[in-house]
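Student: The numbering of the sequence shown is my numbering, which starts it at 1 and goes up by one.
Do not rely on the hints blindly, as some may be mistaken.
Cut-off 30 Å, straight-line C-alpha distance, at most; resulting in silico cross-link-like pairs (DSS-like, lysine-lysine) [to be verified]:
(1) 61 x 81
(2) 61 x 28
(3) 64 x 82
(4) 75 x 61
(5) 91 x 64
(6) 64 x 81
(7) 75 x 64
(8) 91 x 28
Keep in mind the hints are simulated off the structure, nothing from the lab.
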Amino acid sequence: MSKTDEKNETAKTSARAKPRPSAKAPEKVVYIGPSRPGIMNGSALIGGYTPAAQRLIDADKRLKRLFVPVSGVAKARQDIKKGGALSELCKIAQGVE
1 MSKTDEKNET
11 AKTSARAKPR
21 PSAKAPEKVV
31 YIGPSRPGIM
41 NGSALIGGYT
51 PAAQRLIDAD
61 KRLKRLFVPV
71 SGVAKARQDI
81 KKGGALSELC
91 KIAQGVE
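Input sequences plus hints: build the corresponding full structure.
Tutor: Okay, structure coming up:
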């Protein structure tokens, strides 16, 4: 193999796309609980919780379930409307100081 052929082969190899770890996009969640000081029903959060949201979660870890991925908002709202488990969490969230 000539030096030119080696250079061409090296260039082809390095030009190939190497698998890279995919950069994980920040998760977007929507708060479906009752409006409270600092956070309203329907608030979209990207990449983390606001201080008000964190205080709510710190008060009762179960309330983290009121922050649902965008893809699950419709189903979660149906659960609340039907009086399901999320409905009970909304009542708890209402009483948190």
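Student: Would you mind confirming whether the straight-line C-alpha gap from residue 61 to residue 81 stays at or under 30 Å?
Tutor: 22 Å, holds
Student: Need the status of pair residue 61, residue 28: alpha-carbon distance at most 30 Å?
Tutor: Holds. Residue 61 to residue 28 sits at ~19 Å (cutoff 30 Å).
Student: Is residue 64 close enough to residue 81, meaning Cα to Cα at most 30 Å?
Tutor: With a Cα-Cα distance of about 19 Å, the restraint between residue 64 and residue 81 holds, given a limit of 30 Å.
Student: If you draw a straight line from the CA of residue 75 to the CA of residue 61, is it 30 Å or shorter?
Tutor: 21 Å, holds
Student: Take a quick look at whether residue 64 and residue 82 sit within 30 Å of each other, Cα to Cα.
Tutor: Within the cut-off at roughly 20 Å; holds.
Student: Hint check: residue 75 vs residue 64, CA-CA at most 30 Å. Holds or violated?
Tutor: 16 Å, holds
Student: Holds or violated: residue 91 and residue 64, Cα atoms, limit 30 Å.
Tutor: 14 Å, holds
Student: Between residue 91 and residue 28, does the CA-CA distance stay at or below 30 Å?
Tutor: The hint holds at about 24 Å.
Hint check: no violations occur; every hint is consistent with the structure.
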